[in-house]
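Protein chains: 2
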Amino acid sequence: MTTAPLAAAVSAPTPSPSPMPRYIRMHDNDNVAIVVNDGGLPAGAVFGDGLVLREAVPQGHKVALVDIAAGAPVLRYNVAIGTAARALAAGSWIAEAEVVMPAARGLENLPVGTRGQQALEPLEGYTFEGYRNADGSVGTRNILAITTTVQCVAGVVEHAVARIKAELLPKYPNVDDVVGLEHTYGCGVAIDAPGAEIPIRTVRNISMNPNFGGQAMLVSLGCEKLQPARLFPKGSIPIANNGGEVAHVCLQDQAHVGFMSMVASIMQTADRQLAQLDLRRRETCPASELVVGMQCGGSDAFSGVTANPALGFATDLLVRAGATVMFSETTEVRDGIDQLTARAASPAVAEAMIAQMAWYDAYLTRGGVDRSANTTPGNKKGGLSNIVEKAMGSIVKSGSSAISGVLAPGEKLTRKGLIYAATPASDFICGTLQLAAGMNLHVFTTGRGTPYGLAAVPVIKVATRTELAKRWHDLMDLDAGTIASGEASIADVGWELFHMLLAVASGRKTWAEQWKLHNALVLFNPAPVT
Amino acid sequence: MTTAPLAAAVSAPTPSPSPMPRYIRMHDNDNVAIVVNDGGLPAGAVFGDGLVLREAVPQGHKVALVDIAAGAPVLRYNVAIGTAARALAAGSWIAEAEVVMPAARGLENLPVGTRGQQALEPLEGYTFEGYRNADGSVGTRNILAITTTVQCVAGVVEHAVARIKAELLPKYPNVDDVVGLEHTYGCGVAIDAPGAEIPIRTVRNISMNPNFGGQAMLVSLGCEKLQPARLFPKGSIPIANNGGEVAHVCLQDQAHVGFMSMVASIMQTADRQLAQLDLRRRETCPASELVVGMQCGGSDAFSGVTANPALGFATDLLVRAGATVMFSETTEVRDGIDQLTARAASPAVAEAMIAQMAWYDAYLTRGGVDRSANTTPGNKKGGLSNIVEKAMGSIVKSGSSAISGVLAPGEKLTRKGLIYAATPASDFICGTLQLAAGMNLHVFTTGRGTPYGLAAVPVIKVATRTELAKRWHDLMDLDAGTIASGEASIADVGWELFHMLLAVASGRKTWAEQWKLHNALVLFNPAPVT
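Just so you know, the protein sequences line up as chains A and B, in that order.
Counted the way the numbering used here counts, the first sequence spans residues 4 to 533.
Counted the way the numbering used here counts, the second sequence spans residues 4 to 533.
Honestly, I wouldn't trust all of these hints.
No copy is singled out in the list; a pair is fine if it fits within one copy or between any two copies.
Claimed, not checked - Computed list of lysine-lysine pairs in DSBU-like fashion (alpha-carbon distance at most 30 angstroms, straight line): (1) K383 - K237; (2) K384 - K237; (3) K512 - K168; (4) K237 - K419.
Hints were generated in silico from the structure; no laboratory data involved.
Just chain A, same shape as in the assembly (with noise of 0.2 angstroms):
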């Protein structure tokens, strides 16, 4: 439906003090606009361009620039995000209840490779200083992490780590940080189920995340299901230390006396592992070794208006560069299935995007819900009408390229340029498997704002609005806004965020990392617990 690249439709605003009032339409052809201004816009407001606003509007909110017939397509992006709920004059504000939400598309039919096809042109002469790995994987932090077969050794884990950061870490200034890898799976869960490989390859997958060096070391319990045998199958991953094993610790083996001993054995066996860890020393690597994951969460109206289009910039940038690019969400992309397989490297690439599609809706069906489960009450608030408009403003971080390649959710790249991985929308569960996939740098975009961060890849939050990165100024690491207040274009900011995607991957710290912030991983399990 899309005819021409999103970026260059953005009508050009013009600098101006904030009190005037402003749109921004996406498209020549969209029949709608969103507000700019700070506070929305009073009833009477009239644009540039002589438009009266027959209402009040909120920020973000859309605004009808013609009169639409009900019945009639409310047309954004260039596409359909629903129907005229009844006629609405132009200078109308439209509410969520005036868009009637389409069906979801089918999956069928779909065009292939029709789009993004030409090569884009290459981008050398940029690099970076990172930690390369033996399997050629590049680190962007250096960090012992301690994986767990289960939620039962949490809590002796945390201890221990509490114990080897203050203890062990200052003797290794080479190591930046010590993380135990905590998720709640592992046992009482149906192992065997449909989907329960899902969990498993996502824990074995993040452990060999390039941030961690190749040395793995795991705690267990002894009596849980997921054991060790199962979630490091011999010769399945490449490990750099103990000779291709994983330094285990076992609490139930017959070894450990008491509590002290459990801690003891995990100290000794992480003392050991931070003085490999120690040895790694920054090295001027090629952008074509950063492997970003990119999500959106938190999101307005001009989150596919600022932060977004500024990510797909930076998304050519790095896959012109070389490096693989990760976008996800499945249902932020359901609604448009048609774009991407259009943008599709090769018919196999199409077909497994359309098999993550189908496996989602039947999931989502399973459990008595759809794709339209997905939008939030802040999303509402922000703007956004229904997932149709949301996924079109989510899609916009992909960029032009073609795709190159398709993840299931957990597995592990094996392929550079532009990735579909396919992941739910959760923030916590989409970074958690991008882990899984090995990213080394991650990327949020933000319109309502969220502290979101992971302890394991530094976080590069951007702010679609130069309000959120002024209040959140020591949470925000880059203000899109400026797109929005036409103090900046879309590519000034693609740019920007290029540029501190090198800085960050060298080693300069984000917010999130300055103050600690980590959120929890949250593995996806299909599968019952029992």
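Assemble the complex: chain A is given as a structure, and chain B must be docked to it using the hints.
Okay, now just chain B, sitting in the frame of chain A:
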């Protein structure tokens, strides 16, 4: 099927030095028994009654007491835990593969109220020192809990809790601890799907746990699906503080400029809450105010012989004293549903129990499994052949009284006595749901050993074997292995546990509290994520 109380059916062991081969038969009708000796017994070992082992049998594993024909029932607890896969001569090891598991008992035509209907003799005069709350409930600890709507706020809450503990808690000597109630729910979930009410009411009801003194405090993000008004509908819950309002900090409030302002706001609110909690004083309360949640985890064949029967004895004491005792773990009682309906205090209680079983059967079927997905490698290593055998050993915890009520997952208790609180068997989910029900004391029996603990309620851990109790001397609070060795009777250990419950309720620390070993809150969410 079972005709006599199991406690009475345990063959009385003769006190003897451990090298003498010994077995325990649970009921006179049983044709199998379990080997008691540490390290198991070799082929040729001769028991006191002349039975000779035909092959080596590991500790806790079953030996055939008589010749069992192929297809004949294998009887333990006077229940057919399965049928013999082939002819088994007396003295044979009954390994897992020798027992063919029966189909689950249907849920029709179950006996109702045919057992345990005679009221147990009242037990009077037992008290503990507890914190009485405005709503009549009694706490065993005095804790400031900070509820969260969503995982997004977890990093900020964790940061704030660390500062509250360091900077504020020392000012309030009568407050034991500060606990952030972090969880993975709240957004990225299908919040209107069937079953979504379970995680929501769980978070709501945990906030009202008696140990938190009715001083509910909430940190929310702002744009999340689980809005504060949905978590705490007006007037739906008894709150002591702020004139019935939950003390609430919303991170997206425009008033918060920067991260430090959020932390300051949480700390100011916590300071006011702590001042109220600091006024609480322990007072003498009857044992009837105890609300004990029971669980087993890392079970072995001794669980149903030592720790769980002793716990069942203590359960009867508690019920006689007028207290509330919850047993749980649906997949671990499913195979004994006929025993439970027979003990229902009314047809309504039996029907509620059957409804919970049917719901869980359907939930597992939807996920492509059945109740046999419960057993773990550790269970089997410990001698439990299948879920039927495990269930018989698990149900023993419930003692012999009538079952007076049933709770659906996440519901709050409304009556005293012996309650079936329907939960998954997952240790963390079960514990989390029992917290929501209102438990103020937790008993956890374990055979393989687990360092399980909860931040909100003291957990008394009971070892099924003396070897484990000795090896984990600073993690296990009570050794029930003395029952197997003949040093103590079930009644002895049951009384010891009862007195320990009163002492811990009055402030004595458990080992998990000593080491601050805490597991995560894990919500039961049968609905999809988005």
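Outcome of the hint check:
no.	hint	in the structure
1	K383 - K237	between (49 angstroms within a copy, 23 angstroms between copies)
2	K384 - K237	between (51 angstroms within a copy, 22 angstroms between copies)
3	K512 - K168	both (19 angstroms within a copy, 27 angstroms between copies)
4	K237 - K419	within (27 angstroms within a copy, 52 angstroms between copies)
In this structure, none of the earlier numbered hints is contradicted; all agree with it.
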